[in-house]
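Read off the chains here:
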Amino acid sequence: MTTAGFDPGAAAARATDAILRDTLHGTHRGVVVDSPPGAGKSTLVVRAALELAGAGRPLMVVAQTNAQVDDLVLRLAEKAPDLPVGRLHSSDADAYDKALDALDNVRTSAKAGDLNGLPVVLSTAAKWAHVKADEPWRHAIVDEAYQMRSDALLAVAGLFERALFVGDPGQLDPFAIVGSEQWAGLTYDPSASAVTTLLAHNPDLPQHRLPVSWRLPATAAPLVSDAFYPYTPFRSGTDHDDRRLTFAVPSDGSGPDRVIDEAAASGWGLLELPARHTPRTDPEAVRAVAAVVRRLLDRSGAAVSERAPEPAPLTAGRIAVGTAHRDQAAAVRAALAERGVTDVTVDTANRLQGREYDVTVVLHPLSGRPDATAFHLETGRLCVLASRHRHACIVVCRAGVGDLLDDYPSTEPVQLGTLVKFPDGWEANHAILAHLAQHRVGWQP
Amino acid sequence: MSLIVTLARLEAVATGRARPIATVRHRHLSQRPLVFVPLTTAGEAGAPLGALVGTDRDAPRLLVVPQPRDRDLRFAFLAELADVVLPYLDSCAESVEAAERTETDPETGKRVKVEVELCTDAPQLIVPSRAGLDLVRLLGRSMRFRRTAEQDPDTPYPAPPRVPLLGRWLTHYGERARVPGSSLLLALTEVLSRHWATGQSGLEDQHLGALLAWIDPPEGSTGAEAAERAELARDADGQLLCPPAGPATDPAFDNRLLAPAIERYDRARTALAAAEDALEADDRLARLSAAEREIRDLVESRTRPTWDAVWRGLDLLRTLPEGAHVEERWTRDRWSFTGHRDRVLAGEPPQPRRDDAVTAANKLATREREQARLEAQEALDDPLVMAGRRLAGEAFAGEVTDAVMAYGEGRRPSPRPLVTVRTEDRPHLAERAKVYRSLGGRPQAAEFAGYEGAPEEGLLVLRILDKMGRGREPEPGSVPEKGDAVCFTLFEHEQRGGAKLPDPEETPWTHGGPPGEAAPEAPDAVTEEDVL
Numbered sequence: 001m002t003t004a005g006f007d008p009g010a011a012a013a014r015a016t017d018a019i020l021r022d023t024l025h026g027t028h029r030g031v032v033v034d035s036p037p038g039a040g041k042s043t044l045v046v047r048a049a050l051e052l053a054g055a056g057r058p059l060m061v062v063a064q065t066n067a068q069v070d071d072l073v074l075r076l077a078e079k080a081p082d083l084p085v086g087r088l089h090s091s092d093a094d095a096y097d098k099a100l101d102a103l104d105n106v107r108t109s110a111k112a113g114d115l116n117g118l119p120v121v122l123s124t125a126a127k128w129a130h131v132k133a134d135e136p137w138r139h140a141i142v143d144e145a146y147q148m149r150s151d152a153l154l155a156v157a158g159l160f161e162r163a164l165f166v167g168d169p170g171q172l173d174p175f176a177i178v179g180s181e182q183w184a185g186l187t188y189d190p191s192a193s194a195v196t197t198l199l200a201h202n203p204d205l206p207q208h209r210l211p212v213s214w215r216l217p218a219t220a221a222p223l224v225s226d227a228f229y230p231y232t233p234f235r236s237g238t239d240h241d242d243r244r245l246t247f248a249v250p251s252d253g254s255g256p257d258r259v260i261d262e263a264a265a266s267g268w269g270l271l272e273l274p275a276r277h278t279p280r281t282d283p284e285a286v287r288a289v290a291a292v293v294r295r296l297l298d299r300s301g302a303a304v305s306e307r308a309p310e311p312a313p314l315t316a317g318r319i320a321v322g323t324a325h326r327d328q329a330a331a332v333r334a335a336l337a338e339r340g341v342t343d344v345t346v347d348t349a350n351r352l353q354g355r356e357y358d359v360t361v362v363l364h365p366l367s368g369r370p371d372a373t374a375f376h377l378e379t380g381r382l383c384v385l386a387s388r389h390r391h392a393c394i395v396v397c398r399a400g401v402g403d404l405l406d407d408y409p410s411t412e413p414v415q416l417g418t419l420v421k422f423p424d425g426w427e428a429n430h431a432i433l434a435h436l437a438q439h440r441v442g443w444q445p
Numbered sequence: 001m002s003l004i005v006t007l008a009r010l011e012a013v014a015t016g017r018a019r020p021i022a023t024v025r026h027r028h029l030s031q032r033p034l035v036f037v038p039l040t041t042a043g044e045a046g047a048p049l050g051a052l053v054g055t056d057r058d059a060p061r062l063l064v065v066p067q068p069r070d071r072d073l074r075f076a077f078l079a080e081l082a083d084v085v086l087p088y089l090d091s092c093a094e095s096v097e098a099a100e101r102t103e104t105d106p107e108t109g110k111r112v113k114v115e116v117e118l119c120t121d122a123p124q125l126i127v128p129s130r131a132g133l134d135l136v137r138l139l140g141r142s143m144r145f146r147r148t149a150e151q152d153p154d155t156p157y158p159a160p161p162r163v164p165l166l167g168r169w170l171t172h173y174g175e176r177a178r179v180p181g182s183s184l185l186l187a188l189t190e191v192l193s194r195h196w197a198t199g200q201s202g203l204e205d206q207h208l209g210a211l212l213a214w215i216d217p218p219e220g221s222t223g224a225e226a227a228e229r230a231e232l233a234r235d236a237d238g239q240l241l242c243p244p245a246g247p248a249t250d251p252a253f254d255n256r257l258l259a260p261a262i263e264r265y266d267r268a269r270t271a272l273a274a275a276e277d278a279l280e281a282d283d284r285l286a287r288l289s290a291a292e293r294e295i296r297d298l299v300e301s302r303t304r305p306t307w308d309a310v311w312r313g314l315d316l317l318r319t320l321p322e323g324a325h326v327e328e329r330w331t332r333d334r335w336s337f338t339g340h341r342d343r344v345l346a347g348e349p350p351q352p353r354r355d356d357a358v359t360a361a362n363k364l365a366t367r368e369r370e371q372a373r374l375e376a377q378e379a380l381d382d383p384l385v386m387a388g389r390r391l392a393g394e395a396f397a398g399e400v401t402d403a404v405m406a407y408g409e410g411r412r413p414s415p416r417p418l419v420t421v422r423t424e425d426r427p428h429l430a431e432r433a434k435v436y437r438s439l440g441g442r443p444q445a446a447e448f449a450g451y452e453g454a455p456e457e458g459l460l461v462l463r464i465l466d467k468m469g470r471g472r473e474p475e476p477g478s479v480p481e482k483g484d485a486v487c488f489t490l491f492e493h494e495q496r497g498g499a500k501l502p503d504p505e506e507t508p509w510t511h512g513g514p515p516g517e518a519a520p521e522a523p524d525a526v527t528e529e530d531v532l
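Just so you know, the sequences run in chain order H and E. Under the UniProt record's numbering, the first residue of the first sequence carries the number 1, and numbering increases by one thereafter. Under the UniProt record's numbering, the first residue of the second sequence carries the number 1, and numbering increases by one thereafter.
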């Protein structure tokens, strides 16, 4: 896929330099960075944090979950072991990763006052919202800004003068558990994403884009880019022969084994079950997912990538299962436990955001459904599920999703004044399905 | 739709009768609600055609707009509506009790308790369906910025005196109805479908006649048959036997009965205006009155069945005992009513057309908190709702098979007893997940410590974390004992308050900055449609 003359490393470096220039020396109060899956967003955040701290500007970092905050603290400490860092946390038990306690330069506290004067303080948006500051921070970095709700930004925006907003516009939009139609179309709709509100009020802010995905393999980047980022395409940082997935144990000819081989060869595999309307926790589909995972482990896979010269064994920790609903994840976990598999991550799209694995097994959100609701059609959901892998993605689905999509055109009411998101879920689902159809394997246990 | 509701709907299809999905009533019902059955005119948004309104099921007040496009007649309708609704609201505004509220002292910035009034009861409005709720909001929006001649002598089309005030109240009720679990303004179809599952679609459940047919079918007929009759059956003239609950009317009624009647009324009015002498005028006035009476009869014939259906629905709901937490939620409704009463008395301007950024965010946060609270309270109040949560893996019930005393670490070890529960439920418990049970109405937290034996055996070990008193030994009754039946939930019972948002004057730059000096909202501009 890499065309002659395109140097992914140079392109990414150029983008990063421009971002840092605007952040450190620009005149605007905010800078927005769109980052496709695996484009080095965390690396950028860490780098920007170090440069801002180096320039002597007190910095607050806002992330959305405790896991994200802890991850950033660890990365910061790895890059700059001497930089004093504050981790502001909630007063709950187990509020932060205990690994932070082992770091000398990290001070943890539930009170913002205890962390005064530290060059960098990190916390979640929810915790920052409770902080009262006499003097605002000179700078802030807002991570996963597209997953932050506008009202959460409202609660913390008074704490900083300027900010760098980083996030992936293609992932799941934030949501509200009650209706918020009455504010649809307002620039500050509290249920919209923080970036939507920010840009509606500050349309002149510089916007950047990271152009290279280092995570997605050359087999996945073009598809994900076309299906979910048609107007802001990105490339894969690696080429087709840079990554390879092989299995020591040969196929036994069953559906799961054939789909594994198909995915190892082409990066994608569709394990198709016969069409049927099912409850959410479709027992056959759940068993199929578990069978694929079991075989992935049993066949002693090895992953070759640009990271290391030697093949890395495909262990349980490098495999994840993604679902749309929590009960589906629970059902898959139970089915895996029955097969003696324990260390494979099984979670919903919401919780898999920002994570990376070698192989993912996805239970398709529309599998077995009689209807295609906005929830199941959401572009971000499919995008998250289809962009967590470094080597291969195997989708388990019942036949007939294409017909379902055609039978259920979107019925959401049109709201005046709102930005219509393109591509819509219908379009994106069709794009993915059309590609998966070339890698289809029928289910035979 | 949860699995248990799907199951109830399947059973309803199989048995031909709606199935209960609640064993208690989850909404407050006032002793004396005001029922409002409005109709609108087709083709013009929010143009009222008429309404039945009142608190006495045997004596509703009929209000009719004989020519819905005539603004004067529409104002007369709204003035009459105000004459019914406002005295009803006032009847509750005067009876108060002393209550306490925490407020931020403007000088010290500290939270202090202040003594305030709380209305002992709040007025409750009932409309037949969700579309009725929207109409209440629309009426409120169309009235609250009107100016009366008293407010502005130059206003070209002054509204009758109490109409803007009614608009403010309807707006308040319409907004409050968006808060989950509130009962100030209820749509009957929504309340009924909360308590019964029918064998028809959710869309069909919005038809009050069909919904009641499923819940309480007439003798010798199944719910499905009765519902189909309610939706489709027409008389020899092609009119629906069970008129829709509105506010929209059936097109066959509009075309064949209403339009000709309005036409006759218009002709009679033109004729009266053209009368040349008193005798002729008398005669033509009589014809106009007859034409008007005809329209009144038509409107009554289409609203009365709905009126009776609403009261029948209320009777059905009253057969259920009130849920334990309903009173608490109703108290918040009373606060809401009292608060708006105070704003009106203080002479504050009507609610703005659009919420500012801070108000919108605060409203959303409140409603999300109320939604979570409602879901938890409904489950705690109602074993059938809890059964649904258990089936969904969000709660589990069982018997305590073992309780072992243990202590936490630290300088002063506190009790952390380990309790083993045998359950047949399959809760989605992650490692160290928190679970809660109700202990004397207060939530007691425990931590999932693992399975005893294989997970399929259903033996869960829980570590009780709190509500055991301050001593080394837990207070009696605070730890489940062997043989106790317990029910734990994975969701929290009480909601934490969210962070305080900035004041509107301090809206940050990301949200457009402060809105500036609050300018009083201008009245709605007169458009061409207003002088049609």
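No lab work stands behind these hints: they were computed from the structure. The reader is advised that the hints may include incorrect statements.
[Stated by the list, open to error] Derived BS3-like pairs (lysine-lysine); straight-line CA-CA distance at most 30 Å:
| id | chain 1 | residue 1 | chain 2 | residue 2 |
| --- | --- | --- | --- | --- |
| 1 | E | Lys-467 | E | Lys-113 |
| 2 | H | Lys-421 | E | Lys-434 |
| 3 | H | Lys-132 | H | Lys-41 |
| 4 | H | Lys-132 | E | Lys-110 |
| 5 | H | Lys-79 | E | Lys-467 |
| 6 | E | Lys-482 | H | Lys-111 |
[Stated by the list, open to error] Okay, the calculated beta carbon distance ranges per label pair:
| id | chain 1 | residue 1 | chain 2 | residue 2 | range |
| --- | --- | --- | --- | --- | --- |
| 7 | E | Asp-342 | H | Thr-373 | 37 to 45 Å |
| 8 | H | Ala-110 | E | Ala-346 | 49 to 57 Å |
| 9 | H | Thr-373 | E | Thr-222 | 29 to 37 Å |
| 10 | H | Arg-138 | E | Glu-409 | 37 to 45 Å |
| 11 | E | Glu-481 | H | Ala-437 | 45 to 53 Å |
| 12 | E | Glu-327 | H | Ala-110 | 31 to 39 Å |
| 13 | H | Leu-24 | E | Pro-106 | 50 to 58 Å |
Keep in mind the model is a prediction, meaning the values are calculated, not measured. The C-beta atom is built at its ideal place from N, Cα and C for all residues, glycine as well.
Checked hints:
Distance restraint check for Lys-467 of chain E and Lys-113 of chain E: the Cα-Cα separation of roughly 27 Å lies within the 30 Å cut-off, and the hinted pair is therefore satisfied. A threshold of 30 Å between alpha carbons decides the hint, and for Lys-421 of chain H with Lys-434 of chain E the separation of about 38 Å lies outside it, so the pair is violated. As the CA atoms of Lys-132 of chain H and Lys-41 of chain H are separated by approximately 29 Å, the hinted pair is consistent with the 30 Å bound. Among the hinted pairs, Lys-132 of chain H with Lys-110 of chain E is consistent with the structure: their alpha-carbon atoms are about 14 Å apart, no more than 30 Å.
For the given pair, Lys-79 of chain H sits about 45 Å from Lys-467 of chain E by alpha-carbon distance, which is inconsistent with the 30 Å threshold. Under the criterion of a C-alpha separation no larger than 30 Å, the hint pairing Lys-482 of chain E with Lys-111 of chain H is inconsistent with the structure, at around 42 Å. Distance hint check: the CB atoms of Asp-342 of chain E and Thr-373 of chain H are about 42 Å apart, consistent with the given range 37 to 45 Å. With their beta carbons about 40 Å apart, Ala-110 of chain H and Ala-346 of chain E fall outside the hinted range of 49 to 57 Å.
Separation of Thr-373 of chain H from Thr-222 of chain E is about 30 Å and conforms to the stated range, judged on CB atoms against 29 to 37 Å. For Arg-138 of chain H and Glu-409 of chain E, the hinted distance range of 37 to 45 Å is satisfied, since their beta carbons lie about 42 Å from each other. A hinted range of 45 to 53 Å for the beta carbons of Glu-481 of chain E and Ala-437 of chain H is inconsistent with their spacing of about 60 Å. Taking 31 to 39 Å as the suggested C-beta distance range, the pair Glu-327 of chain E and Ala-110 of chain H conforms, at roughly 36 Å.
One distance hint, 50 to 58 Å for the beta-carbon pair Leu-24 of chain H and Pro-106 of chain E, is violated here, with the actual separation near 41 Å.
When each numbered hint is compared with the structure, violations occur for hints 2, 5, 6, 8, 11 and 13.
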